[in-house]
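If you read the sequence shown in numbering that gives the first Met the number 0, its first letter stands for residue 0, the second for the next number, and so on.
Since the hints were derived computationally from the structure, they do not count as laboratory data.
Careful, some of the hints might be misleading.
[Unchecked claim] When the alpha-carbon atoms are kept at most 27 Å apart in a straight line, the in silico DSS-like pairs for lysine-lysine are as follows:
id: 1; residue 1: K21; residue 2: K137
id: 2; residue 1: K174; residue 2: K84
id: 3; residue 1: K164; residue 2: K174
id: 4; residue 1: K164; residue 2: K84
id: 5; residue 1: K286; residue 2: K211
id: 6; residue 1: K211; residue 2: K137
id: 7; residue 1: K286; residue 2: K137
id: 8; residue 1: K218; residue 2: K174
id: 9; residue 1: K21; residue 2: K84
Keep in mind that this is a model prediction, so the values were computed, not measured.
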Amino acid sequence: MKNYSQVSYFNLTAYFDTGTLKYMYFILVLSLYLSVIAANVLLIVLICVNRSLHEPMYLFLCSLFVNELYGSTGLFPLLLFQILKDIHTISASFCFLQIYNIHTYACVEFIILAVMSYDRYLAICYPLQYNQRMTSHKVFLLIVLSWLCSFILVPLHLCGNVIDKVYCDNYCIVKLACSDITANNIFGLCHVFGVIIFLIILIVYTYMRILKVCFSGSKQTRHKAVSTCTPHLVSLMNFSFGVFFEILQSRFNMTNVPSMMRIFLSLYWLTGQPFVNPLLHGLKMTKIRIVYKSLLFGKRM
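I would like the entire structure built from these sequences, with the hints used as guidance.
As structure tokens, this is what we get:
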């Protein structure tokens, strides 16, 4: 995270005049936000109130769903507010708060996905030792550590207040600095390749080990691995591609790309993941489906 000065507000220039259609866009975005809240809260409640789901895999999923709510809340309320406005400005304090939220959301998302891959690795490759290795104390420690992201304070003097996006972005602020930002670029790239790429490599490695065990194991082992690992892999690829396109858009000149496409690419990694994750894990996880159906039929009775 970075410390900024000399600017009281920012102009978000990626918005364009939609006339009366802004109300339609508002309803569409609000519907998406309410769907994200409903789906994630439902799964969090299911996991918390059912003892049969108090296992490491589902506790990590619960942490993931909490993070989806956290990231969505950092984007959607301000996005909805800006859609209805004619002048798209945001105060510096709210802008920095949104940057903090988005940055921590992305870090926590990758770390939780890495922790989940480690959990599946132990469960499938070392099933007899799983309970000894993945104790309740270790589960608690991994969840806490996944939420502890570090931030570096780098003071910047800004010479502009125009952000060519629909929300506040860390690198867009950095590009407004009057001073040389070479050090910031180097730190940003080191962070991306040193942390995010490392986590992705770690996740891919664990799943390669899982696949190796599956191919040499029984049909039951393969079925268990596929049913539990597929949602994790799809979630990882979905989020990684979204972040990849966002990094490309931030670092390179995208003026030749249509504005609607740029807006979609910049929003996808923040809107797609919170919506896709509950669907993936709610539909693919057999145990969650069983618990949900039992509660649903119980209420009907």
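message = Run through the hints listed earlier and report the numbers of any the structure violates, in increasing order.
response = 1, 8
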